[in-house]
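J.: Read off the chains here:
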Amino acid sequence: GDSVTQMEGPVTLSEEAFLTINCTYTATGYPSLFWYVQYPGEGLQLLLKATKADDKGSNKGFEATYRKETTSFHLEKGSVQVSDSAVYFCALTEKSQGGSEKLVFGKGTKLTVNP
Amino acid sequence: KAGVTQTPRYLIKTRGQQVTLSCSPISGHRSVSWYQQTPGQGLQFLFEYFSETQRNKGNFPGRFSGRQFSNSRSEMNVSTLELGDSALYLCASSLNPLGLSQETQYFGPGTRLLVL
Numbered sequence: 019g020d021s022v023t024q025m026e027g028p029v030t031l032s033e034e035a036f037l038t039i040n041c042t043y044t045a046t047g048y049p050s051l052f053w054y055v056q057y058p059g060e061g062l063q064l065l066l067k068a069t070k071a072d073d074k075g076s077n078k079g080f081e082a083t084y085r086k087e088t089t090s091f092h093l094e095k096g097s098v099q100v101s102d103s104a105v106y107f108c109a110l111t112e113k114s115q116g117g118s119e120k121l122v123f124g125k126g127t128k129l130t131v132n133p
Numbered sequence: 040k041a042g043v044t045q046t047p048r049y050l051i052k053t054r055g056q057q058v059t060l061s062c063s064p065i066s067g068h069r070s071v072s073w074y075q076q077t078p079g080q081g082l083q084f085l086f087e088y089f090s091e092t093q094r095n096k097g098n099f100p101g102r103f104s105g106r107q108f109s110n111s112r113s114e115m116n117v118s119t120l121e122l123g124d125s126a127l128y129l130c131a132s133s134l135n136p137l138g139l140s141q142e143t144q145y146f147g148p149g150t151r152l153l154v155l
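Line order of the protein sequences matches chains A and B.
Going by my numbering, the letters in the first sequence line up with residues 19 to 133, in that order.
Going by my numbering, the letters in the second sequence line up with residues 40 to 155, in that order.
Worth flagging that the hints you see were computed from the coordinates, not collected in a lab.
All values reported here derive from a predicted model rather than from experimental measurement.
Please note that the accuracy of each hint is not assured.
[As the list claims (entries may be wrong)] Simulated restraints on C-beta separations:
1) A/N40 / B/G138: 22 to 32 Å
2) B/G79 / A/T30: 20 to 30 Å
3) B/S66 / A/D72: 28 to 38 Å
4) B/G138 / A/E60: 22 to 32 Å
5) A/P28 / B/G123: 21 to 31 Å
6) A/Y48 / B/G123: 18 to 28 Å
7) B/R112 / A/T88: 40 to 50 Å
8) A/K78 / B/T53: 37 to 47 Å
9) A/P133 / B/S109: 49 to 59 Å
[As the list claims (entries may be wrong)] Over the 12 Å line for every Cβ pair with chain B, so calculated as not near, a few chain A residues:
10) V29
11) T38
12) Y43
13) E81
14) K95
15) T111
Cβ coordinates follow ideal geometry from the N, Cα and C atoms, glycine included.
Pulled out of the complex, with its shape left as it was, chain B reads as follows (with noise of 0.2 Å):
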């Protein structure tokens, strides 16, 4: 079985651009969460997914937004971009809301974001 894919891989934007980036779950997967993972901040919960719908949200300004697709398959955009924006972004997939604590969370390697 796939493991969760996320593309692109590496992508560098400028100041005040936007940028979508993807991610695809392992299949049969219905939840998929976000996670931004910086140096100074370590890793923090963007949004999760779940059905389409976003279940929970984490403390980021509203240019972080996200959707996911009926095949499960998820978007996360930043528009408006800026120089603290430049972090790993991880997508991390799981069978369905039993709660973690029942499930494992699988990752993905990461979109690499630099802002300049």
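Pulled out of the complex, with its shape left as it was, chain A reads as follows (with noise of 0.2 Å):
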């Protein structure tokens, strides 16, 4: 089936500091991209996605762009705060044979964001 890799954490960086996480996938298809973002004990928000190759998905101050040739979907912020520290998910949509849906994700990356 397919799947995510994103980068290992936990992320730890100084306030105004700039993001990187990366994330690649394997797919057979044409999937939908996306980040989700889950803060301490609530479920996940979406935080943006792209539906298509060279898409850019952007929310918040972050942005993330659709590289069909190296299957990458890689997370970035150029000025990072506290309010941000929480664990950040990238995901794809795989299709059933029945033609639903349903999100296939990485394992997540826990971000700290230190004042």
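Given two chains presented individually in distinct reference frames, assemble the corresponding complex, making use of the accompanying hints.
T.: Here it is in structure tokens:
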């Protein structure tokens, strides 16, 4: 089946540092790609998505570009804040034989931002 | 609009027991998916329901089952609990089956199950 590999954490940064979390995928078709964020004690929230090659998803200062040639969807932010501390999940859509879709997630990367 | 709600939030059971978890989707949402989150395996898809029908199923044993009611609320059941079933169970809802590329799937806060 399809799979997502994201960089092992944890990642610890100082406030205002540049963030990159690497994500690569393996898929038979042309999936949509997502970044979800999970704050402590909460469920997942969609951070951004891209549905086709070369699309750039962006939200709250975070960006990721769908790179089909390198099968990657790296998450970046120019200047992180303490409030960005959370676990970040890269995910893709996988279609079943019946046509419905499910999300396939990476293992998650825990980010801690220190003041 | 209220978000996805899951009950109970925390649950402690012993091996061999069974458990039922409940999920109420966002009003108007007809698709409900369930995921299991563990430190070792990460987030894994359990199943998805739409209009009371299971449309997709992950690679879990038959001890894991679910259903959806006419009001779109969903329940999942785990029978004969094992220690390895300890996890955070997340429910997610979306409007209808246009596909996740075109819709946002909204997640609930999860039910944390501990099996002793």
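J.: Does each hint hold? Answer for all of them.
T.: Here is how each hint holds up against the structure:
1. A/N40 / B/G138: 22 to 32 Å: Holds - the Cβ-Cβ distance for A/N40 and B/G138, about 26 Å, lies within 22 to 32 Å.
2. B/G79 / A/T30: 20 to 30 Å: 23 Å, holds
3. B/S66 / A/D72: 28 to 38 Å: 36 Å, holds
4. B/G138 / A/E60: 22 to 32 Å: 25 Å, holds
5. A/P28 / B/G123: 21 to 31 Å: 24 Å, holds
6. A/Y48 / B/G123: 18 to 28 Å: 35 Å, violated
7. B/R112 / A/T88: 40 to 50 Å: Cβ of B/R112 to Cβ of A/T88: about 42 Å, so the range 40 to 50 Å holds.
8. A/K78 / B/T53: 37 to 47 Å: 43 Å, holds
9. A/P133 / B/S109: 49 to 59 Å: 50 Å, holds
10. V29: 17 Å, holds
11. T38: With a cut-off of 12 Å, A/T38 remains clear of chain B, as the shortest Cβ separation is near 20 Å.
12. Y43: 14 Å, holds
13. E81: Holds, since 18 Å exceeds 12 Å.
14. K95: 21 Å, holds
15. T111: 5 Å, violated
Checked against the numbered hints given earlier, the structure breaks hints 6, 15 and satisfies all the rest.
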